[in-house]
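Asks: Take the two lone chains and join them into the complex the hints point to.
Chains A and B, in that order, are what the protein sequence lines are.
According to this note's numbering, the residues represented by the first sequence are 11 to 502, in order.
According to this note's numbering, the residues represented by the second sequence are 544 to 849, in order.
Derived from the structure by calculation, the hints contain no laboratory data.
Hints may contain errors.
Unchecked claim - Quick look at which bits of chain B chain A covers, simulated, 3 or more residues with Cβ under 8 Å: (1) 628 to 636; (2) 642 to 654; (3) 672 to 678; (4) 825 to 834; (5) 838 to 846.
What the hints assert, rightly or not - Among chain B residues calculated to face chain A with C-beta under 8 Å, some are: (6) M815; (7) V817; (8) L819; (9) H820; (10) R821; (11) T822.
For glycine and all other residues, C-beta sits at the position ideal for the given N, C-alpha and C.
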Amino acid sequence: MTVSTSGTLLSLSAKTPRKRPLRRTIQRHVVRLFTVFSIICSLIFLAVPFLERRYELSGSVAISIPSFLANLPQSTLAEFQQQPASEGVRVVLQDSAAQFSAIAPTYNAAWTHLHHAADQFAIMLNHRVEEQQRSLQSSAERLAASEQAIIKEIDAYRLTHHGMLGEGPNNPNSVQAQFDKIRGKLDDQRERLQFVTGQIVRLRSLKAPVVSETIARPAEHDPEVMTIRAQMQLLDEQLAEQLGTMQRTERHPYVVALRAKESELKKKLEIAQERVAAGRPPSDAAMGNVAGKSNVELQLEILLADQETLEAQVKRLTSQRDQLQKQVDELLPIRREFEKLTDQLASVRKERETVKERDVVKVGAVGVLGMGADGTLPRFPRLIPTYVLGIALAAGVTMLGALVVHKRDHAMHTLQEVSAAIDLPILGVISDIRSPAQRQWHRLWRSFGRPGVVVVGAVMMLGSAVLCYYQLSNDEISLEPRMVMRGLGKIA
Amino acid sequence: MSSIAEALKRAERERERMRAKEVPATTGGLAEVVLWKNFVEATVTPVASAIQQTPVAQAPAVRTRQQATETIVEDYTSKHKLNLPASLVVYHERAGRVAEQYRRIRERLMAENAKREPQMLVVTSAVAGEGKTTTVLNLGLSLVEIRANRVLLIDGNLHASRKGGASLSGLLKLQTQPGLVEMLSSEEEQLEYFSFIQATPWHHLYVLPTKVQGGGGTAERAVELLKSPKLHAGLRALRSQFDWVLIDSPAALDLPDAGILGGGGGADGIMMTVALHRTPEERVLRTLRLLRSMNLPVKSCILTRP
Chain A
11 MTVSTSGTLL SLSAKTPRKR PLRRTIQRHV VRLFTVFSII CSLIFLAVPF LERRYELSGS
71 VAISIPSFLA NLPQSTLAEF QQQPASEGVR VVLQDSAAQF SAIAPTYNAA WTHLHHAADQ
131 FAIMLNHRVE EQQRSLQSSA ERLAASEQAI IKEIDAYRLT HHGMLGEGPN NPNSVQAQFD
191 KIRGKLDDQR ERLQFVTGQI VRLRSLKAPV VSETIARPAE HDPEVMTIRA QMQLLDEQLA
251 EQLGTMQRTE RHPYVVALRA KESELKKKLE IAQERVAAGR PPSDAAMGNV AGKSNVELQL
311 EILLADQETL EAQVKRLTSQ RDQLQKQVDE LLPIRREFEK LTDQLASVRK ERETVKERDV
371 VKVGAVGVLG MGADGTLPRF PRLIPTYVLG IALAAGVTML GALVVHKRDH AMHTLQEVSA
431 AIDLPILGVI SDIRSPAQRQ WHRLWRSFGR PGVVVVGAVM MLGSAVLCYY QLSNDEISLE
491 PRMVMRGLGK IA
Chain B
544 MSSIAEALKR AERERERMRA KEVPATTGGL AEVVLWKNFV EATVTPVASA IQQTPVAQAP
604 AVRTRQQATE TIVEDYTSKH KLNLPASLVV YHERAGRVAE QYRRIRERLM AENAKREPQM
664 LVVTSAVAGE GKTTTVLNLG LSLVEIRANR VLLIDGNLHA SRKGGASLSG LLKLQTQPGL
724 VEMLSSEEEQ LEYFSFIQAT PWHHLYVLPT KVQGGGGTAE RAVELLKSPK LHAGLRALRS
784 QFDWVLIDSP AALDLPDAGI LGGGGGADGI MMTVALHRTP EERVLRTLRL LRSMNLPVKS
844 CILTRP
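Pulled out of the complex, with its shape left as it was, chain B reads as follows (with noise of 0.2 Å):
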C-alpha cells in the first residue's frame, strides 16, 4: 500500500477518534502546513507526528478561532509561490462574494445529503467554456472547509490537452505524474487506485489527474479509455475512500464523456452548469435530454457568469 493510502487510513482513524471525541484535531495551525513540493513527507511524517502528538491544552477562544480556521489547511506562502489562477476565489478571496455563493452551493449540497454518505457527482455542462473546472475546483475547495469532508477531484476531460481547455491539473499545477489515463490503460490486475491520485496544498483536498505525463493521443482513444472495466472498479474505490468525489468532465453535448463517467462510472448525480447570457437554452434542454435519455440522474444545476 502506498503512502498516500497510509495517511488516509490515518486520517480516517483519526476522524473517527474526533467524531468520537466530538473535539476537534487541535494540533497547531502551521504545524499541520502541507507543502507541495515534499508531500509525502508532509502527509506522512509531520502530519502523523501531529497527529501523535498530544493535543496541547489551550484557551478556548483560541481552540475556537481555530475551529473556524483550521478547516482549510494552508500555508499562504508557499501558495502564493505557486501563483494559483484567480479563479480559485474561495481560496484567493474567502471572504469574498463569489467565495459565499461557492459556499452556499456546499451548503445545500450537504443538506440533501444528510446521512453523509459518499457522494460522487459529474459536472458538465452543455458546451464548453461554461465554467465547469473552476466550478469544481472552488466547491471542492468549499468542500474541504469542513473539516469532515475529504474531497476528491477527477479530472475527467481527457480532451482538454487537444482544445486548450483549462484542466484540473493545468490549474492546479501539478507535477506530471500518472493519471486517470494511466489508470485505466493500465494492465495490472491488481491496480492500486490510490497510487494515482494526488495531494494538494489544501488538507483533504486530492486530485485524480488526466495525464499530464507526456500527453498526446489521449483525446482520440478517450471513449476507449473511458470504457475500460477500470472505470467503474477504479471510481468505486476511490468513492469508498472519500466523502465527495467531483469528476470534471467535458460538455455532454460535444462528446460522450460525461455520460460514460457518470453512468459507467456509478455516479450518484449529474450537475450542470449554465452559463448565463451565452449558453443557448435548446442546447442545455438538448443536454438535458441526451442524458436522462442514457438514465443518468441529473440532479441539479449551477448557474454562472463566465
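The following block holds chain A by itself, in its conformation from the complex (with noise of 0.2 Å):
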C-alpha cells in the first residue's frame, strides 16, 4: 500500500504483490541450472569411489543338526553371528579392505578352525547316516519278507479253516456260535428234564394213595388242570422247536398237528376250570384215562415219554457240545495265531513306513554347504545408490538454486512486467549494446557455447558415472580371508 501527497492532495494506491512462477525462473536460468547439476553430480560421481570402502565377507553352514550346532567351536569373535539352528551357521563380515588385512590371521584362523568342525562333523555324521540307512534298508527288507510270509501264511490258514477265520465269532455260522447255541440249547434240555424228573416223581407219589376227589380245590391244584397244561406246555416246547429250531413253517402238516392239538386242549383246559369252578371232581374220561388207567397214570406215562426223549435229546446234544468244544478248543490258537500274524503284520507296515520317513529325514538333514563369498564387490559404496542419490542431491542443489534465486529477484523482466508496474509511457526497449567483436563473441556464445556447456557438462556427468562404475564394479582387490568352503560337498 503506498500513501503519496501532492501538494494538497493525498492519494492512496494498493498494489497486489507480483507473483512470478518458478517456472519462469527456471527457464530463464535453465542452462546454468543444468550446468550446476551436472557439475555437483560429477563431483559426486567422482569423489564416491575415493570414499572408504567397505566389503561383505560370508559364509554359510547349512546344516539345521542342533546336535551340529552344539558341537561347533565357540568363537571369540563378534563378528560371528550365530543364526537360528534351522538356518545353520552364518558368518557376514563387514570391514573395509585394510582392516581385513589387519585381521586377516585371526579371521582365517577361526574360520578355518569353524571349517574343520563343520568337516570333520558332517563325514562323520556322513558315515552314520549312511550305516543307519544300509541297517534301515536291511531290515526294511527283512520286514518286507517277513511280512510276504505272514500275509502267505494267513491265506493258507484262511483256505483250511474255511468258514470259521475272517467271518469273526458274532457270525450265527461260526463254530463258537454253533458251540455257544448247542450249550444253551443242551442247558435248556436239561431244565425240562429236571422238570418232567420232578413232575414224574411228583406223579408216582401222587400215584399210591388213591383218594376220591370230592372236596372242591382250586384249580391250580385240580388234576386234570394240571394235566392238560402240561400236556400243552410240553405242547408249546414242541411248537417251538418246530417253529425256530427246525424252522418249520405254519402250513408244515405237523404244526398244523400240533396247533389242532393246542386248541384241543385249551376247550378242555376251559372245561376242566368249570368243572372246577363247580365243584365237582374230575371224570375218568377227563382225566384221559382211555385205556382204563387212572389219569395219574397217564399223565405219568406221558411224562415217561417225554423223559426218554429229552434224555435222547440230551444226549445227543451233549455229544454235539462235545464235539463242538472239541472244534473251539482247536479254533482258539488258531484264531491267536491269526490275531498274532495280524498284529505283526500291523507291525511290520508300520516299522516299514517310519523305515521309510527316517531315512528321508537322515538324508534331508545335511544338505549342501554354501559357497563363500569373495568380495570382490564393495558393500559400500555400491553403484546403484550412488548414482541415485548423486542425481536426488545434484537435483536437490539445484532447485534449492533456483529457489533462492527466484525469491531473490525482484527485477522486472519483460515489457509487460514493466507496463503493469509502472503507469508511465513506455518509449521503447532498448537491446544490448555490444560491439561489432562483442557480438559476434555473443552470437558464438549463444550458437556453440551454450549447447557446448550444456554437451559438456552432461559429458562430463556422463564421463564421471562410468568413471565411477569402472572403479567400483571392477575392483580388482584381493581379501586376505576369503572364506570359501574347502573339502566338503554334496551329501547325497
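Replies: What follows is the structure in C-alpha cells.
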C-alpha cells in the first residue's frame, strides 16, 4: 500500500504483490541450473570412489541339526553371528580392505577352525547316516519278507479253516456260535428234563394213595387242569422246536397237527376249569384214562415218554457240544496265531513306514554347504545407490539454488511486467549494446557456447558416472580372508 | 559574445533561411566537417564560409542522397582516431538494430512535441548503471540526425568521478575545459553561459560537461552547487538556444541531484531508464513516488538491457 502526497492532494493506492512462477525463473536460468546440476553430479560421482570402501564376506553352513550347532567351536569373534539352528551357521563380515588385512590371520584361523570342525562332523555324520541307512534298508527288506510270509500264512489259514476265520465270532454260522447255541439248547433240555423228572416223582407220589376227589380244590391243584397244562406246555415246546430250531412254518403238517392238538387242549382246559369252579370231581374220561387207567398214570406215562425223549435229546446235544468243544479248543490257538500274525503284519507295515520316514529325515538333514563370497564388490559405496543419491542430491541443490534465485529476483524482465508495475508510457526498449566483436562473441556463445556448456556438462556427468562404475564394479582388490568352503560337497 | 554564440546565432539564421526556402543546406558534405581539434576554426571559419558560399546546383538524385546523409556531419577518419566507445551505437552502427530503436524513441519524442518547442528533459533512473549516459548520448545523436534539431547534452552527474561511472565528458573524451561546476560556482554577475558549452564532432550537438578541469571536491558540494540560482537561469538561457536539452543526472534514489535538476532547472519532463532483468521493481516504484512527491513531471520511460 502506498501513501503519497502532492500538495494538498492525498492519494492512496494499493497493489497486490506480483507473483511470478518458479517455472519462469527455471526457464530463464536453465543452462546455468543444468551446469550446476552436472557439476554437482560429476563431483559426487568422482568423489564417491575415494570414500573408504567396506567389503562383505559371507559364508554359511547349511546344516540344520541342533547337535551340530552345539558341537561347533566357540568363537570369540563378535562378528561371527550364529543364526538359529534351522538356518545353520552364517558368518557375515563387513570391514574395509585395510581392516580385513589387519585381522586376516584371526579371521582365517577362526574360519578354518570352523571349517575343519564342520568338515569332520559332516563326514562323521555322513558315515553314520549311511550306516543307519543301510541297517534300515536291511530291516525294511527283512520286514517286507516277513510281511509276505505272514500274508501267505494267513491266506493258508483262511483256506484251511474256511468259514471259521475271517468271519468273526458273532457270525451265527461260525463254530463258536454253533457251540454256544448248542450249549444253550442243552441247558434248556436239561432243565426241562429236570422238570419232567420232578413231575414224574410227584406223579408217582400221587399214584400211591387213591383218594376220591370230593372236596373242591382250586383250579391250579386240580389234577385234570394240571395235566392239561403240562400237556400244553409240552406242546408249546414242541411247537417252538418245530418253528425255531427246525425252522418249519405254520403250514407244515406236523405243526398244523400240533396246533389242532393245542386248540383241543385249550378247550379241555376250559371245561376242566368250569368243572372245578362247579365243584365237581374230574371224570375218568376227562383224566384221560382212555385205556382204563387212572389219569395220573396216564400223565405219568406221558412224562416218562417225554423224559426219554429229553434224555435222548440231551444225549445228542451233549455229544454235539463235546464235538464242538473240541473244535473250539482247536480254534483258539489258531485264532490266537491269526491275531498274532495280523498284529505282526501291522507292526511290520508300520515299521516299514517308519523306516521310510527316517530315511527321508536323515538324508535331508545334511544339505549342500554354501560357498563363501569372495568379496570383490564393495558393500559400501554401492553403484546404484551412488547414482540415485548423486542425482537426487544434485537435483535438490539445483532446485534449492533455483528457489534462492527466484526468491531474490525482484527485477522486472519483460515489457509487460514494467507496464503493469508503473503507469508511465514506455518509449521503447533498447537491446543490449555491444560492440561488433562482443556481438560476434555473443553470437558464438549462443550458437556454440551454450549448447557446448550443456553438452560438456552432460558428457562430464556421464563420464564421471562411467568412471565411478569402473572404479566400483571392477574392483580387483584381493581380500585375504576369503571364506570359501573346502572339502565338502553334496551329501546324498 | 563568444565565438560559439556567434556561430549559434549564425546557425539560427541559416536555419530560418532554410525553413523559409524549404531547401536543405546543400553545402558539400565533407566541406562541413567539424574537426574536434580545431573546433573554433571549424565552427567559425569553415562553417561560416561554407554557409556564406553560394549553393552549387546539383542533380536532384544527388541532392536527395545528401539530404539523407548530411543530417549528421562527421568525419569518419577523425572520429575513428578518437576511439569513441562502442556504446555510441547510433554513430558506430547507424543501420543497426539498436540505432533504429533509438530512432523510434526519437520519433516518439518528436511526435509528442509537435509544436517543436524547446524541450529540456532530465534522464534519471532508480539505481546507478542503468544506461542513462548511453541513452542520453545515443538519443542526442539520433536527434541531431534530424538536421533541424540542435541538441545540448548536459552532464549533470557531479558524482560520476567519485563513483567511477561513465560521464558524457569521459565518453566523448572532451578536452579539459570549464563545465557545469564552473558555471554554477562562478561569481560573475553577467555570466556567459555559452562559453561553457563544448562542441562535438557532430553538427548541432553540443555538450555542457560537468568538470573536466582538475576535478575533486565537486561530489561533496554537489547539492550546494545545484542549489545555486545560476542553475535555473543558466538552464533557461541554454534551453532557449537549443531544441533539445538532455540532462544526464545521477540515480534518483541514491542522490537528490535529479530532483534538483528537474525542479530547480525548470525541466519540461523527467525520463526514466529502467534496466530489465536488473532493477528491482520496488526501487523503480520508490523512485517514481519520490519524483512525483517533488511535483516533478515524470513523463516517460525507456527500458534498457545494460
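Asks: All hints are to be evaluated individually against the structure, with a verdict given for each.
Replies: Status of the hints after comparison with the structure:
1. For a cut-off of 8 Å, the count of residues in the segment 628 to 636 of chain B with a CB near a CB of chain A stands at 5, and the three-residue condition holds.
2. Given as covered by chain A, the segment 642 to 654 of chain B passes the check, having 6 residues with a CB less than 8 Å from a CB of that chain where 3 are the minimum.
3. Residue count for the segment 672 to 678 of chain B with a Cβ under 8 Å from a Cβ of chain A: 3. That meets the three needed, and the coverage hint holds.
4. Closer than 8 Å: that is the beta-carbon criterion, and the segment 825 to 834 of chain B has 5 residues meeting it against chain A, so the requirement of 3 holds.
5. With 7 residues bearing a CB less than 8 Å from a CB of chain A, the segment 838 to 846 of chain B meets the requirement of three and the coverage assertion stands.
6. With 8 Å as the threshold, the beta carbon of M815/B comes within range of chain A, its nearest partner Cβ sitting at about 7 Å, so the hint holds.
7. Restraint check, V817/B versus chain A: the minimum CB separation of about 6 Å is within 8 Å; hint holds.
8. Interface hint at L819/B: satisfied, since its Cβ lies 6 Å from the closest Cβ of chain A, which is below the 8 Å cut-off.
9. For H820/B, the interface hint holds, the least distance from its beta-carbon to any beta-carbon of chain A being 5 Å, beneath 8 Å.
10. Satisfaction of the interface hint for R821/B is found here, the shortest Cβ-Cβ separation to chain A being roughly 5 Å, below the 8 Å cut-off.
11. Among the interface hints, the one on T822/B holds; its C-beta lies about 6 Å from the nearest C-beta in chain A, closer than the 8 Å criterion.
The structure agrees with every numbered hint stated previously.
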